[in-house]
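Enquirer: Each chain, written out:
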Amino acid sequence: MKQTLIRQSFLGPNSDAILDALTVSVVGTGGAGSHVLQQLSHVGVGNLLPIDPDKVEFLNLNRLVGATFRDAQKGQKKTTVSKRVANSINPDVRVRPHSKPWHEVMDVLRDADVIVGCLDTYSGRSQLEAFARRYLIPYLDIGMDVHSVGDHYVVSGQVALSMPGDVCLQCMGIITPDDVAKEAYGAAGGRPQVVWPNGLLASAAVGMLIELVTPWFRSESLSLLRRYDGNRQTLEPDGWMNSNLRRECKHYIVAEVGDPHPFWISSKKKRVS
Amino acid sequence: MKLTLKITEALIREVRKDLDRAHPYAAERVGFLIGRCTRSRSGIIIFGSRYESVPDAGYVEDHSVGAMMNQRTITAAMQIAYSEKVPIFHVHTHFGKDKPKFSGIDLRENAKFVRAFINVCPEYPHGALVLSDTDMSGLCWLPGSSKPRRIDQFTVVGSCLRKTL
Amino acid sequence: MSEVNLGALKRFSSDASTFTEAGLRYIHLPKLGLPTGCTPSEADGLLCMDARDGYPTRLFFSERIATTARTLNWHMTVTVAGTVWHAFSWNGIPSSDPVEVLLGHLNAFVS
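Protein chains in written order, with the numbering used here: chain A, 1 to 273; chain B, 274 to 438; chain C, 439 to 549.
These aren't lab readings, by the way, just hints derived from the structure by calculation. It is possible that part of the hints are untrue.
Partial pick of chain A residues on the chain B-facing surface, computed with a CB cut under 7 Å [what the hints assert, rightly or not]:
#, residue
1, Asp107
2, Val213
3, Arg218
4, Leu222
5, Ser223
6, Ala255
7, Gly258
8, Asp259
Sample of chain C residues with no beta-carbon within 12 Å of chain A, all distances over it, derived [to be verified]:
#, residue
9, Leu472
10, Cys476
11, Thr477
12, Arg502
13, Thr505
14, Thr506
15, Ala507
16, Leu510
17, Ser527
25 Å max Cα-Cα, derived SDA-like pairs, lysine to any residue [unchecked claim]:
#, chain 1, residue 1, chain 2, residue 2
18, B, Lys275, A, Val105
19, A, Lys83, A, Thr23
20, C, Lys448, B, Ser356
21, B, Lys370, B, Arg314
22, A, Lys77, A, Gln39
23, B, Lys358, C, Lys469
24, B, Lys436, A, Pro215
25, B, Lys358, A, Asp107
26, B, Lys374, B, Ala384
27, B, Lys374, B, Ile347
28, B, Lys372, A, Ile18
29, B, Lys372, B, Phe386
30, A, Lys250, C, Tyr493
31, B, Lys385, B, Val333
32, B, Lys420, B, Cys433
33, B, Lys290, B, Asp371
34, B, Lys370, A, Gly12
35, B, Lys358, A, Met106
36, C, Lys448, A, His261
37, B, Lys372, A, Ala17
38, B, Lys275, B, Arg435
39, B, Lys436, A, Gln38
40, C, Lys448, C, Ser533
Beta carbons are placed, not taken as given, at the ideal position from N, Cα and C, and that holds for glycine.
Just chain A, with the same shape it has in the complex (with noise of 0.2 Å):
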């Protein structure tokens, strides 16, 4: 096992190699996004792929890890914020940045083994969300809100791995077609945001990531959603969704994988797109 995991060697006696193999993206590499990439970087996952279009603000440094006064200067890639961290823990793994939006690198995508969703949108998620049932790729979601109630603000949020097969975002509640018909109608803005529940939400994401790929104790079932309530500072399971009584996703035919006909014969026209 290499020296620098050496301390994590009770997740498996291959865990540094499964690990190093794995493929993982983050689309998203802003609040939430660079939380999972710096912890991903630490724990050996070997190839990363971060994802997001956007350029580091002032704004953003209240949240943002690994990012600097100089790169908001600057107005820096986020992207390259990720792979600069990721390689000063790791210099071995290999990070492919990619400065676009998602749904234009969706050729890399595929190749992903899992995709972190750290997305503020909830159209954005869904769609990500049913890119990742189409390709067979478990799919961890961030969500984190700040809603003002009365006088006070309420924190909020949650981690879901959508797993093909398995219950989705809107069998959990998490994002319902109300939610993306709303957005889609309401007001543009920056939403609050602050560091501390976003790194509390990708350690989770991280540790169910872990938990996926390199089992290193028995559960029943696979946690699938952790709900956070950021009031009362907890981080719980949701039980129902996290046993074996859990109902099938009514929303995604499991059958429904890969490319329809149409796509796949117009996608060798095309080459990879």
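Use these hints to put chains B and C onto chain A, whose structure you have.
Expert: Just chains B and C now, with coordinates in the frame of chain A:
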């Protein structure tokens, strides 16, 4: 260009369960994995979509081999490829542990019936898989190619994500 | 989707086919012929027969279409079946017979 096959844990479990059943006269069972595909930056990914079991009557009684499909079985598989426009992979198992290998008879017979699938559905890859209890190997005829290629990677997606080469 | 309905749609797109994603029904309409005054004159279309994005049905295209009929608000791109689609704002076409739905959306390109 890399060839990958991805399948859910539930589907491969269904395949193994079917292939594990005893047959009245064939020494082993076979079936068909119906797939879908996509192109990625690294190459082609084939996805297991569903499994078609071969009924008991679908075998020739031939004790010189483990299992021999009759013409009706092959025609039924060809019909699926033709009407649904999908990749088809013949599947059987050698049981045991470790990475399985195709036998000489497997290789000879694979080439014959895969050719039939290609004839009715040339736009897609077709091929054959052989399983062990813990792993799998595969050969794939890509569109336009007369010789098979080894499937480079298998990924099983389920309670544990497993990749094997 | 019944074969009868798909058959009727094949008048508009001979290779029309169906699939589902995220619980929604889609009809793929390759090389869909468009009304006079459109540029290009044909494009790949994707009809969503179920409510999404606050619309009861939607017609997406593989590229933005210009029309002499009116200025359309191409306000959204979406990803469906691993492919990018463009959407214009044209609401109020309820889910019914697919041909009716398609024609309801194509009215956006007719003055």
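Enquirer: Evaluate each hint against the coordinates.
Expert: Quick rundown of the hints versus the structure:
Taking 7 Å as the C-beta contact cut-off toward chain B, the hint placing Asp107 of chain A at the interface holds, the least distance being around 5 Å. For Val213 of chain A, the suggested interface contact is upheld, since its CB lies about 5 Å from the closest CB of chain B, less than 7 Å. Because the beta carbon of Arg218 of chain A sits about 11 Å from the nearest beta carbon in chain B, more than 7 Å, this interface hint is broken. The beta carbon of Leu222 of chain A is positioned within 7 Å of a beta carbon in chain B (closest approach about 5 Å), and the interface hint is therefore held.
The interface hint given for Ser223 of chain A is violated, since its Cβ lies 11 Å from the closest Cβ of chain B, which is over the 7 Å cut-off. Nearest Cβ of chain B to the Cβ of Ala255 of chain A: about 5 Å, under the 7 Å cut. The hint holds. Hint on Gly258 of chain A holds. Least Cβ distance to chain B is approximately 3 Å, under the 7 Å limit. Taking 7 Å as the C-beta cut-off, the interface hint given for Asp259 of chain A holds, the closest approach to chain B being about 5 Å.
Non-interface status of Leu472 of chain C relative to chain A is upheld: no Cβ of that chain comes within 12 Å, the nearest being about 18 Å off. Non-interface status of Cys476 of chain C relative to chain A is upheld: no Cβ of that chain comes within 12 Å, the nearest being about 21 Å off. Distance check on Thr477 of chain C: its Cβ is at least 21 Å (rounded) from any Cβ of chain A, clearing the 12 Å threshold; non-interface status holds. At roughly 15 Å, the least C-beta separation between Arg502 of chain C and chain A is larger than 12 Å, which holds for a residue marked as non-interface.
Non-interface call for Thr505 of chain C relative to chain A: holds, since the shortest CB-CB distance, roughly 23 Å, exceeds 12 Å. Under the 12 Å C-beta cut-off, the non-interface status given to Thr506 of chain C relative to chain A holds; the minimum distance is some 28 Å. With a closest Cβ-Cβ approach of about 24 Å to chain A, Ala507 of chain C is found to remain outside the 12 Å limit, as its non-interface label requires. The Cβ of Leu510 of chain C lies farther than 12 Å from every Cβ of chain A, with a closest approach of about 16 Å, so its non-interface assignment holds.
Listed as outside the interface, Ser527 of chain C is inconsistent with that label: its C-beta sits roughly 10 Å from the nearest C-beta of chain A, within the 12 Å cut-off. A distance of roughly 18 Å separates the Cα atoms of Lys275 of chain B and Val105 of chain A; the hinted pair therefore holds under the 25 Å criterion. For the suggested pair Lys83 of chain A and Thr23 of chain A, the alpha carbons sit about 14 Å apart, so the restraint of at most 25 Å is met. The suggested pairing of Lys448 of chain C with Ser356 of chain B holds, with an alpha-carbon distance near 17 Å, which does not exceed 25 Å.
Between Lys370 of chain B and Arg314 of chain B the CA atoms are separated by roughly 32 Å; this puts the pair beyond 25 Å, and the hint is violated. For a cut-off of 25 Å, the pair hint linking Lys77 of chain A to Gln39 of chain A stands: about 20 Å separates their Cα positions. A hinted pair counts as satisfied when its Cα atoms are at most 25 Å apart, and Lys358 of chain B with Lys469 of chain C qualifies at roughly 20 Å. Between Lys436 of chain B and Pro215 of chain A the alpha-carbon distance is near 14 Å, which keeps this suggested pair within the 25 Å criterion.
Simply put, Lys358 of chain B and Asp107 of chain A have alpha-carbon atoms about 22 Å apart, close enough for the 25 Å limit, and the pair holds. Between Lys374 of chain B and Ala384 of chain B the alpha-carbon distance is near 15 Å, which keeps this suggested pair within the 25 Å criterion. The suggested pairing of Lys374 of chain B with Ile347 of chain B holds, with an alpha-carbon distance near 23 Å, which does not exceed 25 Å. For the suggested pair Lys372 of chain B and Ile18 of chain A, the alpha carbons sit about 17 Å apart, so the restraint of at most 25 Å is met.
Distance hint between Lys372 of chain B and Phe386 of chain B is fulfilled; the C-alpha atoms sit about 24 Å from each other, no more than 25 Å. With a C-alpha separation of about 21 Å, the suggested pair Lys250 of chain A and Tyr493 of chain C falls inside the 25 Å cut-off, and the hint holds. Restraint check: the Cα-Cα separation between Lys385 of chain B and Val333 of chain B comes to about 16 Å, which is no more than 25 Å; the hinted pair holds. Between the alpha carbons of Lys420 of chain B and Cys433 of chain B the distance comes to roughly 34 Å, so the proposed pair goes past 25 Å and is violated.
Distance check on the hinted pair: Lys290 of chain B and Asp371 of chain B sit about 18 Å apart at the alpha-carbon level, within 25 Å; holds. Restraint check for Lys370 of chain B and Gly12 of chain A: satisfied, since their Cα atoms lie roughly 20 Å apart, inside the 25 Å limit. Restraint check: the Cα-Cα separation between Lys358 of chain B and Met106 of chain A comes to about 23 Å, which is no more than 25 Å; the hinted pair holds. Distance check on the hinted pair: Lys448 of chain C and His261 of chain A sit about 16 Å apart at the alpha-carbon level, within 25 Å; holds.
A threshold of 25 Å between alpha carbons decides the hint, and for Lys372 of chain B with Ala17 of chain A the separation of about 18 Å falls inside it, so the pair holds. Distance restraint check for Lys275 of chain B and Arg435 of chain B: the Cα-Cα separation of roughly 17 Å lies within the 25 Å cut-off, and the hinted pair is therefore satisfied. Taken as a hint, the Lys436 of chain B and Gln38 of chain A pair is honoured in the structure, with Cα atoms around 24 Å apart against an allowance of 25 Å. At roughly 19 Å between alpha-carbon atoms, Lys448 of chain C and Ser533 of chain C fall within 25 Å of each other, so this suggested pair holds.
Of the numbered hints given earlier, the model fails hints 3, 5, 17, 21, 32; all others are met.
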